[in-house]
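Student: The primary structure of each chain is shown beneath.
Protein chains: 2
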Amino acid sequence: MQENKKKIGPGTYLYPMPTTIVGANVNEKPNFLAIAYCGIVQHAPPLIAIGLGKMHYTNSGIKKNRTFSVNIPSEDLLELTDYVGIKSGKLVDKSKLFKVFYGELKTAPMIEETPLNLECKLVETLNFSGNAEIFIGQIIQTYAQKQILSQGLPEIQKLKPILFSMHDNNYFKVGEHLAKAWNIGLKYKNK
Amino acid sequence: MQENKKKIGPGTYLYPMPTTIVGANVNEKPNFLAIAYCGIVQHAPPLIAIGLGKMHYTNSGIKKNRTFSVNIPSEDLLELTDYVGIKSGKLVDKSKLFKVFYGELKTAPMIEETPLNLECKLVETLNFSGNAEIFIGQIIQTYAQKQILSQGLPEIQKLKPILFSMHDNNYFKVGEHLAKAWNIGLKYKNK
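Chains Z and H, in that order, are what the protein sequence lines are.
Numbered by the numbering used here, the letters in the first sequence go through residues 638 to 828 in order.
Numbered by the numbering used here, the letters in the second sequence go through residues 638 to 828 in order.
In case anyone wonders, no lab produced these hints; they're calculated from the structure.
A quick note: this is a predicted structure, and the numbers were derived from the prediction, not measured.
Hints should not be assumed to be uniformly reliable.
Just so you know, same-sequence chains aren't split out, so a pair can sit in one copy or run between any two.
As the list claims (entries may be wrong) - Calculated lysine-lysine pairs in the DSS-like style (CA-CA distance at most 27 Å, straight line):
(1) K643 - K795
(2) K644 - K797
(3) K797 - K810
(4) K826 - K724
(5) K797 - K701
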């Protein structure tokens, strides 16, 4: 290790993290929870992994129905997104905060106000004796606001997702375009 | 579902994704691969999940050594980062592209040039009959360039990580600060 580096200890130092709202039906009502511990883990069929602290109210609903949603809020939903990360469904009824709709799985509540919704079928629950339960879901349908699409695909600068910086606890916007992927690297081989 | 929404089919529509470089020793040499299918799944002990297509050269090394690294490149490494996502270790020797160092696990190669390195011990390999193998790693140490730290923590605007937008295949910068997390939402409850 070079002198300009320092060990800062084990920790969840991944940058950036996405800001998502996980939805599940709990005790017959939709409940929502802001989550940044979330990542895609397989392309086909599409799988997403989310990690939820064991104390969360949402977990029992995911396990009972074997469905959940991952909703991607845009910047204009920041205040409410942060709110559903602060307040537990054990203490407050979050079922009326959003307009809710259901899709093909019937039991995964999704949020109309977020520009993008991933409807997920639970394929595995993992527990490694830590503080979280890890849920792996297969994305069986995606719902997108028409105005964020370009040639049928979500466009990140129209979607305006919220970046999360864990540990210092800050939200950021998406910034400027840098380059095309699987493209700019082709320049390297010519060197 | 409201009229302004459209089903776009199942897919890995999570925004943004991080741009990372996964490192592993393969056939006694360090190898590196750009990966966006990656997310934190547990806070304590810290766990990270990565999904690698089964055809990738890196997988055998992760399984053999039971170690890997997740390196977070900054914008200035964009070209080389994209390159290691394009070229397979089966075809080109990527062991000399970076200055490599090893940490406590001895077999997880890490990149000096990236401002942040997560050193990981494999805790589980998952296979759901799709195109990928999913590796869950425990982050046992983090190495950070001193100049990206503020009060001992990485600062995202100094780190300058690269955002990835899958499907349209574009890289973006981190943008402006929006708000403090676990804070801005407190305004909501007063409404």
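Student: Now tell me, hint by hint, if it's right for this structure.
Tutor: Okay, the hints, checked on the actual structure:
When the C-alpha separation of K643 and K795 is checked against a cutoff of 27 Å, the pair qualifies only between copies, where the shortest distance is 15 Å, while the shortest distance within a copy is 38 Å. In this homomeric assembly, K644 and K797 come within 27 Å of each other (Cα to Cα) only across copies, at 19 Å, whereas the closest approach inside a single copy is 34 Å. Taking CA atoms no more than 27 Å apart as the test, K797 paired with K810 passes in both settings, with 7 Å inside one copy and 13 Å between copies. In this assembly of identical chains, K826 and K724 lie within 27 Å of each other by CA distance solely across copies; the values are 9 Å between and 51 Å within a copy.
Taking the closest pair of Cα atoms, K797 and K701 never come within 27 Å of each other, the shortest separation being 33 Å inside a single copy and 41 Å across copies.
Taken one by one, the earlier hints fail for this structure only at number 5.
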